[in-house]
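Visitor: Read off the chains here:
Number of protein chains: 2
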Amino acid sequence: MKKRPFGYEIRLRDNTIPEFDRRIERRLSALRGQYLDEAAFAQAVLNGDPLVYEVYEIHRPQKEGELLSGLSVVHPGLVGEEFYMTKGHYHEISDTAEVYYCLKGHGLLLMENEQGDTTAEEFRPGRVVYVVPGYAHRSVNLSLEEDLVTFFVYPGNAGHAYGAIEAAGFQKLVVRRNGTYELIQNRAWARKAPGIG
Amino acid sequence: MKKRPFGYEIRLRDNTIPEFDRRIERRLSALRGQYLDEAAFAQAVLNGDPLVYEVYEIHRPQKEGELLSGLSVVHPGLVGEEFYMTKGHYHEISDTAEVYYCLKGHGLLLMENEQGDTTAEEFRPGRVVYVVPGYAHRSVNLSLEEDLVTFFVYPGNAGHAYGAIEAAGFQKLVVRRNGTYELIQNRAWARKAPGIG
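Residue numbers (my numbering), protein chains in the order written: chain V, 1 to 197; chain A, 198 to 394.
Be aware that one or more of the hints could be misleading.
[What the hints assert, rightly or not] In silico DSS-like links for lysine-lysine, alpha-carbon gap of 30 Å or less:
no., chain 1, residue 1, chain 2, residue 2
1, V, K104, V, K2
2, A, K200, A, K260
3, A, K260, V, K87
4, A, K260, V, K2
5, A, K301, V, K2
6, A, K200, V, K3
7, V, K3, V, K63
8, A, K260, V, K63
9, A, K284, V, K87
10, A, K260, V, K3
11, V, K104, V, K87
12, V, K63, A, K284
13, V, K63, V, K2
14, A, K199, V, K87
15, A, K301, A, K284
16, A, K199, A, K260
17, A, K284, V, K2
18, V, K87, A, K200
19, V, K87, V, K63
20, V, K104, A, K199
21, A, K301, A, K199
22, V, K63, A, K199
23, A, K200, V, K104
24, A, K260, A, K284
25, V, K3, A, K284
26, V, K63, A, K200
To be clear, the hints were calculated from the coordinates, so they are not data collected in a lab. As the structure is a prediction and not an experimental result, all values here were calculated from the model.
Sequences and hints are given; from them, build the entire structure.
Guide: Below, the structure is given as structure tokens:
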């Protein structure tokens, strides 16, 4: 871990951080239970389990005052009528924010909190999305051709909590309809989280 | 202050955040005492006190867990043989970091800490600079034609402390020599901060 200030490059030619500390690859099988169309999901996992997204991280001490930053790359694709997306998570320390800056592509940041509020903000190059503390967040690639590439920054002590989303998904699903996208209610979410829905 | 997640645009056509909460304009006179060539400084202030840089801020509660973000635009220019630059500052809560992402231009982030360590990282489009906790930082535009445009993110509780830099400047000055730049020792700094130099 560097003690002195440093720089790193986000290389948009191939959507990487060449000097990353950690690269996470998520294949479709990591999103089990998140897609409505279970048959399409199972078939796609059988047919090679495609790479859905990658994250390049720069490590810092995981403590207050430090910042964690890196690059998120969501590839284009559909599972049934739903777009490729990240697993999504809350922060372990829930009153911590996150900032995304969209570098390339077209997408959505889908967000919801534990009080049942749900919202989404569009990603277009040049747009920043601010995730206020307490909101789970998931990136969705709305393009079928281009990667969705975002730069993210969040507090060093935030941590990631995947459990709630793995168990119940997000309230909203993002589906392709008439050449554009629509947010529809996730019936599985209401079923699995009856106390909130 | 928004309670729900939100987005905003960084408009690179004119280097602004149209939906800013606060816009700061710094004219040259705000940098009194920071330039070596006092005669050139005084003359430029008399000749219209040029706009040196602008900052567009998005407000959030100034507390831990929140993030402050915005845009810094340093215009091109020289005072004597020194480039246009920001005032520079420490954070009030000194063990807080900052992240810069360079959107346009060519520059330097000049940094130093209270133990006397001094360093600089280059800004080029696509480069991130990580200011580890405890380092004062100043942006310097190395171009004589283009704005230096950077997106910044820092912890909500960090605060800004300008006093030390206003009193003693940075250890290093960034000067134009032979069509490029050089870092030279700031003799005024040694004089004003004898305990550290």
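Visitor: Given the hinted pair A/K301 and A/K199, is their alpha-carbon gap at most 30 Å?
Guide: Holds. A/K301 to A/K199 sits at ~29 Å (cutoff 30 Å).
Visitor: Could you grab the alpha-carbon distance between A/K284 and V/K87 and see if it respects the 30 Å cut-off?
Guide: violated (42 Å)
Visitor: Mind checking the alpha carbons of V/K63 and A/K200 for me, to see if they're no more than 30 Å apart?
Guide: Between V/K63 and A/K200 the Cα gap is close to 25 Å, so the pair holds against 30 Å.
Visitor: Would the hint linking A/K260 and V/K2 be met if the CA-CA limit is 30 Å?
Guide: holds (26 Å)
Visitor: Please verify whether A/K260 and A/K284 have alpha carbons no more than 30 Å apart.
Guide: holds (24 Å)
Visitor: Check the hint pairing A/K301 with V/K2 against an upper bound of 30 Å on the C-alpha distance.
Guide: holds (26 Å)
Visitor: Is the hinted pair A/K301 and A/K284 satisfied, with a Cα-Cα distance of at most 30 Å?
Guide: Holds. A/K301 to A/K284 sits at ~20 Å (cutoff 30 Å).
Visitor: Hey, V/K3 versus A/K284, does the alpha-carbon distance stay inside 30 Å?
Guide: At roughly 24 Å apart (the allowed maximum being 30 Å), A/K284 and V/K3 satisfy the hint.
Visitor: Please verify whether V/K87 and A/K200 have alpha carbons no more than 30 Å apart.
Guide: holds (24 Å)
Visitor: Tell me if the straight-line CA distance from V/K3 to V/K63 falls inside 30 Å.
Guide: Holds, at roughly 14 Å.
Visitor: For a C-alpha distance cap of 30 Å, please report whether V/K104 and V/K87 respect it.
Guide: Distance of about 20 Å is within 30 Å: holds.
Visitor: Does the structure keep A/K260 and V/K63 at a Cα separation of 30 Å or less?
Guide: Status holds; Cα separation ~15 Å.
In this structure, the hints that do not hold are numbers 6, 9, in rising order.
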